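Trainee: Residue numbers (the numbering used here), protein chains in the order written: chain A, 1 to 368; chain B, 1 to 368.
Fair warning: there could be bad hints in the mix.
One copy or any two copies: either way a pair holds, since identical chains are not told apart in the list.
Heads up, simulated DSS-like pairs for lysine-lysine below, C-alpha to C-alpha not over 30 Å straight-line [as the list claims (entries may be wrong)]:
hint, residue 1, residue 2
1, Lys98, Lys210
2, Lys335, Lys47
3, Lys347, Lys57
4, Lys295, Lys347
5, Lys47, Lys98
6, Lys347, Lys308
7, Lys329, Lys207
8, Lys209, Lys22
These are calculated hints, taken from the structure and not from any lab test.
None of the values given here were measured: they were computed from a predicted structure.
Number of protein chains: 2
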Amino acid sequence: MSKSIISKDEDYSQWFNELVIKSDLAEHSAVRGCMVIKPYGYSIWEKMQAALDQMFKDTGHSNAYFPLFIPKSFFSKEASHVEGFAKECAVVTHYRLKNDADGNIVVDEDAKLEEELIVRPTSETIIWNTYRGWIQSYRDLPLLINQWANVVRWEMRTRLFLRTTEFLWQEGHTAHATAEEAIAETEQMLNVYADFVENWLALPVIKGKKTANERFAGALDTYCIEALMQDGKALQAGTSHFLGQNFAKAFDVKFSDRENKLDYVWATSWGVSTRMMGALVMAHSDDAGLVLPPKLAPIQVVVVPIYKRQEELENISAFVSELKKNLHKRSIRLKFDDRDTQRPGFKFAEYELKGVPLRVAIGSRDMQ
Amino acid sequence: MSKSIISKDEDYSQWFNELVIKSDLAEHSAVRGCMVIKPYGYSIWEKMQAALDQMFKDTGHSNAYFPLFIPKSFFSKEASHVEGFAKECAVVTHYRLKNDADGNIVVDEDAKLEEELIVRPTSETIIWNTYRGWIQSYRDLPLLINQWANVVRWEMRTRLFLRTTEFLWQEGHTAHATAEEAIAETEQMLNVYADFVENWLALPVIKGKKTANERFAGALDTYCIEALMQDGKALQAGTSHFLGQNFAKAFDVKFSDRENKLDYVWATSWGVSTRMMGALVMAHSDDAGLVLPPKLAPIQVVVVPIYKRQEELENISAFVSELKKNLHKRSIRLKFDDRDTQRPGFKFAEYELKGVPLRVAIGSRDMQ
Chain A
1 MSKSIISKDE DYSQWFNELV IKSDLAEHSA VRGCMVIKPY GYSIWEKMQA ALDQMFKDTG
61 HSNAYFPLFI PKSFFSKEAS HVEGFAKECA VVTHYRLKND ADGNIVVDED AKLEEELIVR
121 PTSETIIWNT YRGWIQSYRD LPLLINQWAN VVRWEMRTRL FLRTTEFLWQ EGHTAHATAE
181 EAIAETEQML NVYADFVENW LALPVIKGKK TANERFAGAL DTYCIEALMQ DGKALQAGTS
241 HFLGQNFAKA FDVKFSDREN KLDYVWATSW GVSTRMMGAL VMAHSDDAGL VLPPKLAPIQ
301 VVVVPIYKRQ EELENISAFV SELKKNLHKR SIRLKFDDRD TQRPGFKFAE YELKGVPLRV
361 AIGSRDMQ
Chain B
1 MSKSIISKDE DYSQWFNELV IKSDLAEHSA VRGCMVIKPY GYSIWEKMQA ALDQMFKDTG
61 HSNAYFPLFI PKSFFSKEAS HVEGFAKECA VVTHYRLKND ADGNIVVDED AKLEEELIVR
121 PTSETIIWNT YRGWIQSYRD LPLLINQWAN VVRWEMRTRL FLRTTEFLWQ EGHTAHATAE
181 EAIAETEQML NVYADFVENW LALPVIKGKK TANERFAGAL DTYCIEALMQ DGKALQAGTS
241 HFLGQNFAKA FDVKFSDREN KLDYVWATSW GVSTRMMGAL VMAHSDDAGL VLPPKLAPIQ
301 VVVVPIYKRQ EELENISAFV SELKKNLHKR SIRLKFDDRD TQRPGFKFAE YELKGVPLRV
361 AIGSRDMQ
């Protein structure tokens with residue numbers, strides 16, 4: 001089969017790249033470091049999103065949406081934050097193109113922004129600038145908000161899903177009246193991530209705390225979950241940060257407590273990204289292809305008809321159509337592959353490559 | 001109540017702005033023309049998204065994700081396309097910040113991109129450049145893909161939801177073997193939009209075709225749905241474009257047909273955006289606040305307890321808790337507002353402002 005991939009024992013890194021591309025999860029785009037997530041890969045990401053989103057809502061969080069762009073000045077309000085991100089920022093400087101004298105499309109120098117805008121690498125600054133207007137009193141707390149978004153970090157060396165210039169993620173940003181509450185939230189969300197990765201990705205994780213050097217830029221403490229990959233290395237699968245009052249101070253977000261005293265708010269942020277797709281691939285797959293946990297598999301059962309005469313195919317089709325309806329009622333995702341352009345053996349290899357958990361061949365006698 | 005808004009007869013436009021802000025749907029951000037969608041507003045958008053997404057899947061479409069950035073050169077490959085969008089493009093020119101001699105954060109001139117990147121105002125160009133690798137034969141067609149994404153069009157005059165620099169939307173991009181199939185797809189998706197707006201927003205629409213001047217930049221035909229607002233004006237609520245072979249030619253996307261002849265692919269694109277949130281507000285609401293169709297209302301029933309003694313509140317709470325569980329099983333969203341910091345009258349006015357369809361007061365005698 002033309003789709004065969006290198007053995008993971010031979011070159012683990014190359015095996016990962018080939019598998020992601022040949023199983024139709026994602027590919028490199030024409031924009032350096034940015035990927036295209038293909039329908040098969042995106043369908044897995046959607047299932048991850050739906051499960052996580054429900055877990056966030058079950059723990060009292062709501063979704064909101066904040067701007068893609070962050071004014072440069074905001075970004076530098078928290079000293080260690082800008083230190084951590086300044087070297088990998090996409091910067092918007094102009095807002096118009098024009099035709100030059102030769103008819104080429106060029107940037108219109110007359111449309112230069114007074115203040116440059118950064119494409120968000122993370123949203124603490126714009127969110128805390130917004131929270132200043134939302135929080136006055138202890139009655140407004142806790143504020144428990146999540147955002148599903150795209151972010152950009154200009155990476156020099158990129159790998160599909162694991163490290164890309166643009167990636168998809170969720171970022172939770174919460175505000176609390178006390179340090180204890182904020183720490184409890186940080187720990188709660190780490191546990192949510194651990195539960196999710198264990199129950200949906202079927203991947204046990206180790207919970208831990210980062211050293212001072214590895215902490216998120218602006219955090220007092222960064223908790224993380226790490227999962228073991230088949231090459232014996234650990235992969236960071238999610239982080240949860242206790243931000244203390246750093247961002248509240250930088251953006252002047254105060255609240256009046258029950259005694260009517262003013263104090264700065266306590267903050268957390270936490271996120272997981274499309275990097276989890278990388279963890280999923282690296283954790284379970286083998287030289288024959290993806291191995292997907294049934295909960296996340298876009299196709300859970302594939303049925304391939306085995307027949308010689310057209311009449312046989314029609315009987316099998318009618319049988320499978322009924323079966324599909326019954327399984328659909330039980331939320332089981334079945335695909336019937338009746339293409340007449342490929343042989344059964346080709347189809348089986350393809351679905352093995354794509355990690356379909358259950359592959360079934362049905363011939364006339366099997367239906368009896 | 002402090003949240004009262006101007007009458008819509010007095011100033012329809014001002015009424016809309018005040019209502020959107022005071023009912024907690026959205027607000028202006030610190031970035032010119034960009035909005036923050038607040039949890040209450042985002043919750044309505046999520047319901048719109050879920051319903052539309054199911055309708056797209058029911059008509060055979062899959063979701064995927066394409067890069068936020070588009071190389072400037074791609075953008076100008078289809079002549080009328082760049083003409084239509086060049087004047088409102090956010091342009092990324094650099095990928096790093098640095099400290100200057102005075103310690104200020106400035107753009108690092110050494111990190112200038114060789115080719116500028118445009119923040120997508122729409123994705124035809126990057127998608128058709130990608131489709132070239134995905135389409136070889138008639139067997140690869142039709143290709144039916146949708147993307148949920150943020151886009152940026154640099155608007156000089158902005159209004160919350162109706163016209164913002166960044167907005168959220170979906171964009172469908174399909175590829176077909178014949179013009180007839182592509183036109184049928186264009187019409188099908190217009191009908192999906194019309195059904196959605198009528199059945200979920202409770203808003204009848206007129207379907208029509210744009211004049212040549214009003215067409216999408218690069219389309220042969222643009223179909224649209226328009227809805228009547230309370231000021232007697234029509235609001236465009238969705239568009240569906242027949243793109244002919246324009247983008248296939250610009251990006252050299254050919255397929256071999258059943259007779260093994262090569263031809264360019266036929267294309268459509270179609271989209272609706274957070275502008276629909278504006279249509280929803282403008283269509284039904286009144287001087288007292290939002291009026292939300294029950295299917296889209298984040299809270300469908302609010303219960304306000306009427307009591308004097310703490311013991312009464314406890315009885316009411318127990319009663320409502322049971323009621324809530326029963327309604328939850330039937331997917332009815334009930335909120336019990338037992339805040340002791342506000343009086344019932346204040347609460348009722350607040351939920352009227354927020355458009356909660358059913359507001360119920362429960363006292364001790366009501367439970368018998």
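Trainee: Indicate, hint by hint, whether the structure satisfies it.
Mentor: Results of checking the hints against the structure:
1. With identical chains, the CA atoms of Lys98 and Lys210 are at most 30 Å apart between copies only, with a shortest distance of 26 Å across copies and 48 Å within one.
2. Taking the closest pair of Cα atoms, Lys335 and Lys47 come within 30 Å of each other both inside a single copy (17 Å) and across two copies (28 Å).
3. In this assembly of identical chains, Lys347 and Lys57 lie within 30 Å of each other by CA distance solely across copies; the values are 24 Å between and 40 Å within a copy.
4. Within a single copy, Lys295 and Lys347 get their C-alpha atoms as close as 22 Å, which meets the 30 Å cut-off; across copies the closest is 42 Å, which misses it.
5. In this assembly of identical chains, Lys47 and Lys98 lie within 30 Å of each other by CA distance neither inside one copy nor across copies; the values are 42 Å within and 39 Å between.
6. Within a single copy, Lys347 and Lys308 get their C-alpha atoms as close as 16 Å, which meets the 30 Å cut-off; across copies the closest is 71 Å, which misses it.
7. For the identical chains of this complex, Lys329 and Lys207 are neighbours neither inside a copy (38 Å) nor across copies (35 Å), given an alpha-carbon limit of 30 Å.
8. In this assembly of identical chains, Lys209 and Lys22 lie within 30 Å of each other by CA distance neither inside one copy nor across copies; the values are 36 Å within and 41 Å between.
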